[in-house]
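Engineer: Below, each chain spelled out in residue letters.
Protein chains: 2
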Amino acid sequence: MGGDNAPLSNIEGAFQYFKENENSSTEIIFVGNENDITPLLSKFSEFSSKISVLHAPDVVNMDESPAKIHRTKPDSSMVKSVELLKDGRVDAVISAGNTGALLSSSLFLVGTIPGIRRPALAPFIPTNNGGFILCDAGANVDCRYIHLVHFGIMASAYMEAFLGKKNPTVGLLNVGSEEKKGNELTRTTFPFMQEHVNNFVGNIEARYILDGKVDIVVCDGFIGNTVLKFIEGVISHMMTWLKESINDHPISRLSFPLMAPAFKDMKKLLDYEEYGGTPFLGINGIVIKAHGSSTSKSIKNSIISAQKICERELIKNIGERISAHLDLMDDFQNEQKS
Amino acid sequence: MGGDNAPLSNIEGAFQYFKENENSSTEIIFVGNENDITPLLSKFSEFSSKISVLHAPDVVNMDESPAKIHRTKPDSSMVKSVELLKDGRVDAVISAGNTGALLSSSLFLVGTIPGIRRPALAPFIPTNNGGFILCDAGANVDCRYIHLVHFGIMASAYMEAFLGKKNPTVGLLNVGSEEKKGNELTRTTFPFMQEHVNNFVGNIEARYILDGKVDIVVCDGFIGNTVLKFIEGVISHMMTWLKESINDHPISRLSFPLMAPAFKDMKKLLDYEEYGGTPFLGINGIVIKAHGSSTSKSIKNSIISAQKICERELIKNIGERISAHLDLMDDFQNEQKS
Numbered sequence: 027m028g029g030d031n032a033p034l035s036n037i038e039g040a041f042q043y044f045k046e047n048e049n050s051s052t053e054i055i056f057v058g059n060e061n062d063i064t065p066l067l068s069k070f071s072e073f074s075s076k077i078s079v080l081h082a083p084d085v086v087n088m089d090e091s092p093a094k095i096h097r098t099k100p101d102s103s104m105v106k107s108v109e110l111l112k113d114g115r116v117d118a119v120i121s122a123g124n125t126g127a128l129l130s131s132s133l134f135l136v137g138t139i140p141g142i143r144r145p146a147l148a149p150f151i152p153t154n155n156g157g158f159i160l161c162d163a164g165a166n167v168d169c170r171y172i173h174l175v176h177f178g179i180m181a182s183a184y185m186e187a188f189l190g191k192k193n194p195t196v197g198l199l200n201v202g203s204e205e206k207k208g209n210e211l212t213r214t215t216f217p218f219m220q221e222h223v224n225n226f227v228g229n230i231e232a233r234y235i236l237d238g239k240v241d242i243v244v245c246d247g248f249i250g251n252t253v254l255k256f257i258e259g260v261i262s263h264m265m266t267w268l269k270e271s272i273n274d275h276p277i278s279r280l281s282f283p284l285m286a287p288a289f290k291d292m293k294k295l296l297d298y299e300e301y302g303g304t305p306f307l308g309i310n311g312i313v314i315k316a317h318g319s320s321t322s323k324s325i326k327n328s329i330i331s332a333q334k335i336c337e338r339e340l341i342k343n344i345g346e347r348i349s350a351h352l353d354l355m356d357d358f359q360n361e362q363k364s
Numbered sequence: 027m028g029g030d031n032a033p034l035s036n037i038e039g040a041f042q043y044f045k046e047n048e049n050s051s052t053e054i055i056f057v058g059n060e061n062d063i064t065p066l067l068s069k070f071s072e073f074s075s076k077i078s079v080l081h082a083p084d085v086v087n088m089d090e091s092p093a094k095i096h097r098t099k100p101d102s103s104m105v106k107s108v109e110l111l112k113d114g115r116v117d118a119v120i121s122a123g124n125t126g127a128l129l130s131s132s133l134f135l136v137g138t139i140p141g142i143r144r145p146a147l148a149p150f151i152p153t154n155n156g157g158f159i160l161c162d163a164g165a166n167v168d169c170r171y172i173h174l175v176h177f178g179i180m181a182s183a184y185m186e187a188f189l190g191k192k193n194p195t196v197g198l199l200n201v202g203s204e205e206k207k208g209n210e211l212t213r214t215t216f217p218f219m220q221e222h223v224n225n226f227v228g229n230i231e232a233r234y235i236l237d238g239k240v241d242i243v244v245c246d247g248f249i250g251n252t253v254l255k256f257i258e259g260v261i262s263h264m265m266t267w268l269k270e271s272i273n274d275h276p277i278s279r280l281s282f283p284l285m286a287p288a289f290k291d292m293k294k295l296l297d298y299e300e301y302g303g304t305p306f307l308g309i310n311g312i313v314i315k316a317h318g319s320s321t322s323k324s325i326k327n328s329i330i331s332a333q334k335i336c337e338r339e340l341i342k343n344i345g346e347r348i349s350a351h352l353d354l355m356d357d358f359q360n361e362q363k364s
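In order, the protein sequence lines correspond to chains R and S. For the first sequence, my numbering gives the first residue as 27, with consecutive numbering after it. For the second sequence, my numbering gives the first residue as 27, with consecutive numbering after it.
Calculated directly from the structure, the hints in this document are not laboratory data.
No distinction is drawn between identical chains; accordingly, a pair holds when it is met within one copy or between any pair of copies.
Derived lysine-lysine pairs resembling DSS-like cross-links, with alpha carbons at most 27 Å apart:
id : residue 1 : residue 2
1  : K290      : K269
2  : K334      : K76
3  : K112      : K94
4  : K99       : K206
5  : K323      : K334
Produce the complete structure using the sequences and hints provided.
Structural biologist: Here you go:
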């Protein structure tokens, strides 16, 4: 029931998935108000063996306070779907609803992968150079070094599972490239990244993140969310501006029809719908947060993504990688005590 | 001697200023190696009454450690020019050199305006909606709330002096618009901004900063520097990308000549050279940091900017505004002690 276009887009996305993946053994449970959902299913009767509905009369709103949502809205579609994951009845949950509420119910009901302190958001940002993963993009507004190191380890495993890219490069978002540059957090984090993160290539300045210099950009969630929102803002701003500038010149206006194929290419590349949602890395199960304004295409791609990271055992893989670095956790805890 | 194009651009910028402002009573001292500078002055003999040279044989390099530069390089053009300001022999210093070294020598030799703890960088970012000031853009990578409040107060005074815009709107860069959103720093800062900063309009998300919603964006220097560098990166990235996309389509390629006037408009608007350098707000004198790659145009505009904020008594004005909020400083100091 979450997202601006729910439940229709969510349902249509699922059916698009089935149409394009006829041999898939995936089954889908629509969790939400059955009075709203059931009528929408009639035209997809060909797939009726693969779907079911779990009635959940309540909806978590976008402006709702996320803490303890599992207690305040136990009959919401969000909480009920996360419970399915908790009970092992599904392999993955996809939601386009309230991010904070989804995170808090995932944390409380499913918990984190052993050794992980903070789950993180890791959206894939498409660019003309192949794109990158930004982690954390907003789940943790105040971080310590251990969280950033975990973000690097988890995002690395995720990129391998999601895009099949082996041993991706990892950079630490910073205001300069030298090791000693940055604020207290990045300066403290740098040596731990060197020690614990595969293929850590050092600090990366914001001006270069779109250039494909690294596959994964690690940062705290406050700065990651700022960068993510700024990307959204700057792209729409630049396109509007370009169109205005063109419109200001009668001669440039003639170029609109000529430009159409180029604009279409850019739009396709910038289209986050192509990549579906982003998982909460660190939750001990697959929870995918789709964009609030997700269309059916984005939902379909979120299902594909969930299937892929499930088949490639991302959760287990993250668990193994984190276990290999438990000394980091010990050091951190000793430091907290002292 | 600082900057990629020094000393030629710096000298030519000064002479462009004189040519365009014949009645100006401004006098300029070129501080640097007189063996390099004097030969370049010969073709500008018409202005010889308005210029002089102060010999400084050393140069601070761009990669030099900035701390204590006033001790390690006392004969550098940078330190010698800041000393002129300290001794009251000039009203303003302009440099395109090492930012950290300029800041540290300004701090040590000239000091801050009484009540100010941390000077800040406040560049003007031009957009098609009029542009905004970003403060702090990189001088302070770790901040407390009092610094952010001071950035708001100082940037407000600067915008009035620099652009003549009365009572500009001030926003706090944050990951959400609600008061309780954000990290520890922004949540703590919000009520102090409300209490102490004129025309504070609340939190502003990164996606809206280019839309002209606020005149001044306040943030810590780590995030400000990230945003600043990202703007530089994203603009060049988008333009390259657009050109590549156009090139991929023979029909779109035909549009290049038609697009030229529109591209020219955009380029002009994005041109930071138009606005000269940025002052170190909070230093007890006018020190303007011009971009390292400044051309003569940027230097000329930095001189105009220095003249304007000097005539409009920016330093005195900031001092008065800060004095009106000394309770903020007292509270902060008591809190530090407790």
